[in-house]
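Protein chains: 2
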Amino acid sequence: MGSIAYDAVETPHGRVDRMLGGACTYIALAASYFTKTGVVAVVGDDFAQEDINLLSSREIDLQGLERTPGKTFFWSGVYSHDMNDRMTLRTDLNVFADFQPKLPEAYKTQPYLMLGNIQPALQRGVREQMNGLRLTGGDTMNYWIQDYREELLETIRDWDFLLINDSEARMLSGEHNLRRAAATILEMGPRTLVVKRGEYGAILFAQGSHFIAPGYLLEDVFDPTGAGDCFAGGFIGYLAERGVDPRGGAVDLQDWRRAVIYGSVMGSFCCEQFGVDRFRTLTREEVEDRYREFKACTDF
Amino acid sequence: MGSIAYDAVETPHGRVDRMLGGACTYIALAASYFTKTGVVAVVGDDFAQEDINLLSSREIDLQGLERTPGKTFFWSGVYSHDMNDRMTLRTDLNVFADFQPKLPEAYKTQPYLMLGNIQPALQRGVREQMNGLRLTGGDTMNYWIQDYREELLETIRDWDFLLINDSEARMLSGEHNLRRAAATILEMGPRTLVVKRGEYGAILFAQGSHFIAPGYLLEDVFDPTGAGDCFAGGFIGYLAERGVDPRGGAVDLQDWRRAVIYGSVMGSFCCEQFGVDRFRTLTREEVEDRYREFKACTDF
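So the sequences go chain by chain: A and B.
Numbering-wise (this note's numbering), the first sequence opens with residue 1 and increments by one.
Numbering-wise (this note's numbering), the second sequence opens with residue 301 and increments by one.
All the pointers check out, no bait thrown in.
One-sided and incomplete, this derived list gives chain B residues near chain A with beta-carbon spacing under 8 angstroms: (1) ASP382; (2) ASN477; (3) ARG479; (4) TYR500; (5) GLY501; (6) ILE503; (7) ILE512; (8) PRO514; (9) LEU517; (10) GLU519; (11) ASP520; (12) GLN554; (13) ARG558; (14) ILE561; (15) PHE600.
Covered stretches of chain A, going by a simulated chain B footprint (3 or more residues, C-beta under 8 angstroms): (16) 175-187; (17) 190-202; (18) 208-214; (19) 218-227; (20) 251-264.
Read the hints as simulated data drawn from the structure, not as lab findings.
By construction, the Cβ of each residue, glycine as well, lies at the ideal position given by its N, Cα and C atoms.
Model the full assembly from the supplied sequences, consistent with the hints where possible.
Written out as structure tokens, the structure reads:
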């Protein structure tokens with residue numbers, strides 16, 4: 001669940017005025033390499049058939065895709081020369097402004113839920129419509145951390161994992177040091193925390209220990225848009241494929257760790273082309289190859 | 301070989317007006333946990349006996365420590381709140397200004413040489429005084445890369461490894477992307493490149509492949525001064541302990557990789573206390589414990 005959007009993006013490698021984007025899009029595309037995936041999102045009547053076709057080509061269930069008169073959520077941004085910073089130029093919520101996610105019946109008994117970054121109350125609302133969840137995780141952002149703190153805290157309290165970037169972890173916890181930040185956040189409810197560090201990888205805090213995964217060393221980063229959401233999709237997709245069920249006791253730590261690597265793998269592919277383009281051709285075999293490459297370049 | 305200095309350092313955790321420092325000091329202290337180490341450096345007549353005692357307590361050979369009338373090299377700097385930046389407040393070269401390193405006879409046949417950051421021509425001069433070297437590596441900095449480029453290129457051409465940080469690698473190669481930067485630098489001569497990334501770890505480029513090591517996740521970073529030099533000391537110290545000899549054919553890739561981890565281990569200890577203080581009590585057993593911890597928190 002999350003946004004499906006049209007993005008305009010400029011990076012040092014070029015510029016695209018309108019391309020499919022949004023957290024839900026990237027999460028679903030990445031997760032679809034591991035498990036049957038469905039989306040909960042809203043688009044306007046301008047949403048293109050070719051974009052529907054792309055999602056369908058990955059066998060993504062679109063029953064939960066609401067279509068509303070008006071325009072699809074639009075975001076535009078420009079990346080700095082080193083691509084470590086980006087500036088938002090425009091955010092038009094459009095049909096997303098009045099989004100009240102309602103789950104199709106068939107979704108309500110699904111076991112795995114990934115809540116993309118969106119207002120915490122809406123994230124909570126989706127979770128409450130579901131029965132039989134094995135694993136719920138979600139993302140958030142600085143805006144909700146600063147201005148909707150209580151609502152956010154009430155929401156993440158029940159999640160199995162929280163997946164945010166390092167600056168968000170620092171903001172949420174009030175601690176600069178990531179080990180301390182993680183300890184503080186784990187007391188807020190989520191039993192597992194994944195801190196994304198962009199090109200530097202990610203850290204998993206789970207079951208009393210931590211796991212540090214370096215970022216994949218790309219030769220060309222064309223467009224980092226969506227990489228964090230692809231990480232999330234690969235992460236929960238792999239956990240779903242493995243059928244992990246924390247209610248039945250502790251999850252094998254190696255499953256958490258491998259999920260982080262698969263998340264990194266999906267995020268790295270995302271950066272190789274503009275927007276979702278890499279997913280037009282990416283195969284599961286390539287995913288496995290890169291997983292093995294990760295293993296090869298971190299083993300000692 | 302490199303600088304032995306007195307430093308004044310301010311970090312968010314406190315301030316020290318005068319403490320033992322300098323690249324050579326940190327390199328030698330870290331290397332001394334792995335192998336018999338000697339220094340080539342100069343100090344003034346103000347150099348304190350207690351600092352001699354610390355080096356001696358680690359069984360560091362001081363035959364190559366020149367004592368000259370005048371003051372020891374002095375550096376002072378202040379770290380930003382997140383300790384990712386530091387500003388140099390003062391650099392007084394003092395006796396270091398006229399340093400012409402001359403090796404004691406006993407040093408000339410040593411097999412391992414680590415050249416700390418210093419003017420490239422002096423680094424070359426030291427290397428030329430030695431016969432029977434198995435492995436030579438060195439560090440440099442932005443100043444030499446920008447203003448002494450030809451001298452630097454002539455110097456590093458003959459090194460077995462170059463060990464610099466990411467911004468230096470970008471400056472030296474003119475490439476922002478680290479994979480491309482590494483490819484360019486490896487064509488300049490060094491057969492192995494280690495790119496240090498501060499808290500994010502290091503990347504080794506050797507024998508046609510690369511190894512990405514994450515940084516150790518410290519709970520408290522008191523003072524990062526010297527961490528990069530401790531990395532260098534741990535790195536070459538371990539290679540010396542293993543007796544690697546690239547002249548006899550390819551070094552076992554695992555030796556290079558483990559050297560990076562030992563480098564990271566030594567750098568991480570360095571940050572735990574001000575200046576060299578952590579090395580007053582650190583034991584080899586603690587080094588091994590942290591190496592195992594590195595393994596445990598990166599394994600998947």
